[in-house]
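**Student:** Same order as they appear, the protein sequences are chains A and B. According to my numbering, the stretch in the first sequence is residues 1413 to 1745, in order. According to my numbering, the stretch in the second sequence is residues 792 to 1120, in order.
Rather than coming from a laboratory, the hints here were simulated on the basis of the structure. Be aware that a few hints might be false.
[To be verified] Dumping the calculated DSS-like pairs for lysine-lysine here, alpha-carbon to alpha-carbon at most 27 angstroms:
hint : chain 1 : residue 1 : chain 2 : residue 2
1    : B       : K1104     : A       : K1529
2    : B       : K963      : A       : K1531
3    : A       : K1460     : A       : K1580
4    : A       : K1460     : A       : K1673
5    : A       : K1599     : A       : K1580
6    : A       : K1529     : A       : K1580
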Amino acid sequence: MSMPETETAVRQLTLGDAIREALAEEMRRDPRVLILGEDIAEAGTVFKVLTGLVDEFGPDRVLDTPISEPGFTGIAVGAAMTGLRPVVDIMFGDFIGLTMDQMVNQAAKIHYMSGGKWKVPMVMRTTMGATRRSAAQHSQSLHAWFCHVPGLKVVLPSTPHDAKGLMKSAIRDENPVAFFEDKMMYKLKGPVPEDDYTIPLGAADVKREGEDITIVATSSMVQVALGAAARLADGGISAEVVDPRTLWPLDETTILESVRKTSRAIVMDEGYGRYGVMAEIASVIAEQAFFDLEAPVKRIGAMHVPIPFSPPLEDATVPTEQTVCEAAEAMCG
Amino acid sequence: MTQAAPTRHDAALDRWLRMYRRMLMIRRFEEEANDLYTRALMPGLAHLYIGEEAVAVGVCEALETNDYITSTHRGHGHCLAKGAELDRMFAELLGKRAGYCKGKGGSMHIADPDTGNLGANAIVGGSAGIATGAAFSARRLGTGQVAVCFFGDGALGQGLVYEVMNMAALWKLPVVYVCENNLYNEYTHNSETLAGDIMTRGPAFGVPGERVDGQDARAVYAAARAQVARARAGEGPSFLLCDTYRFMGHHVGDVSRDYYRSKAEENEWKTHRDPIRLLGEALIAEQAADPADLDAIDAEVSASVGQAVEFAKNAPYPSVDEVDDDVYA
Ligand SMILES: Cc1ncc(C[n+]2csc(CCOP(=O)(O)OP(=O)(O)O)c2C)c(N)n1
Ligand SMILES: [Mg+2]
């Protein structure tokens, strides 16, 4: 568990504020760090995550760009190769399709193709998560796309505390890192230490210990899993919640240790189940812990439909505590 | 006064001879690459720069070693013009450990920080962001460096090019966009792919442009020098359109080309528009060099190309253990 002992003394910050604090601290520490994106300076992004940064760091380091995602992502790649440490802000994760060539064919491969000579230390911040009534082009969770590509790292924080420490590590990393923030969690509060801490990329965190079943969950699904675990406890099922925190590198060890202990696993993620993050983690478990399992691994993710607008329809596409409880009860029954 | 004139003349002559030599080095390198392919000694394909040498050499002559370039799938000429060594170039083409990218990049991905080469790029137009980003760094860090983005006329079809030109103009970035107009996008003439006048595209963003005879190395140099100076002075980006022609196929395997361009057209360019011959003849006509000087350069360049290719042939492949090195920094 990563929560510090002195929990009561620690400030409560929202996830959005924790990310802003991480960026501000890194920009103070390292003059090479700067942020590029649409409506990020005076507007502080559409989610107001960056409010105030332009006042401290000026418009040269918090730079409003034209609406040219491939262009400013490409500029960030070149800037990262030549001495800066850019953070690009992609307003909605749905827009990463526009940046794919720059991320997949350029950023991800430059270090390898150059035989290790050029590095691309950049971060792409973007969003994920449905239920904001924003319909099919502003609600997707497409992080699995980047996980498929060697050369990229992919981070999905689930708490304000983790968001700060992971963002600082992402900025200090020598590789291109994609950082997915669930827009529905920006207002989620939690303890965030004021000190300069980092969380290594590639270290999962056991968010709740348990004996009977492991729920591997990412981003906002960690919150859903924790809610489900509390309800399951009332019914006598002890669930352990493991948050990988980074999907690549993936801390297989922590996941497998938990599954070997509990002998059952649910894998949850807000991306699509087919060919996605859940499929990958379920395969890791099946390949390496098959003989420790009492039940087949269960995947719980977004329904395989474009995200609909109408509230009852949209809500039906996203996993809930109820979905998790029912699955866990069936597996433990 | 009477002393200064010959010195200036000599400096200029040194430059023309250096450029002549570089162009010839690229020509002989490419001929050797073609030969390696034909004899099945080279894995994969290569896109030869023969016929276009004056563009890379003219532009790079206007650059300092620490200035940046990005290159294309047709990149050997840019890399050599920026200062790459023949032996490590050949080694990379053959996938050898001694190559610029330890054999991991190959013909289309040669990169070399020591000469400011941010890398050749096999995505048409794909390096426009990188070059502009390097210019962004140069401006922010105040290093005085300039970035040159080489790309073909085919890349004018890529939106990325216009996105970054717009930002380069907004932010006055020290970048020169060099378009090598060899008339073809693979097997398609650009009359089928380009609407309007190419030269109006830069000015739409406030990026001034110049069009030069890309077979005239000295004209390319003069135009590039002015644009590089403008960039270095903080006045922002510019666009250089170089009219040129590739003498060979789109790649080494493209030998039957009748369906997309005529032999007569090729012969016209090869006979009358060869950039190396044009510079050589001009230097002779100006009595700045005599044929024997130029022959001596050729002999020397050919010998070093021969040595370099031998080096590469004898060099070992990387160990298979290295296959997953360098995925992450
Ligand atoms: C994005 C992309 N689309 C298509 C290709 C395939 N392709 C390789 S070279 C080429 C033609 C490029 O033409 P141009 O930019 O004029 O360069 P040239 O080959 O004439 O030097 C094409 C279509 C590619 N490499 N990248
Ligand atoms: Mg062309």
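**Student:** Against this structure, judge whether each hint is valid.
**Tutor:** Results of checking the hints against the structure:
1. K1104(B) <-> K1529(A): holds, 23 angstroms
2. K963(B) <-> K1531(A): holds, 25 angstroms
3. K1460(A) <-> K1580(A): holds, 19 angstroms
4. K1460(A) <-> K1673(A): violated, 42 angstroms
5. K1599(A) <-> K1580(A): holds, 20 angstroms
6. K1529(A) <-> K1580(A): Answer holds: K1529(A) to K1580(A) is near 24 angstroms, not above 27 angstroms.
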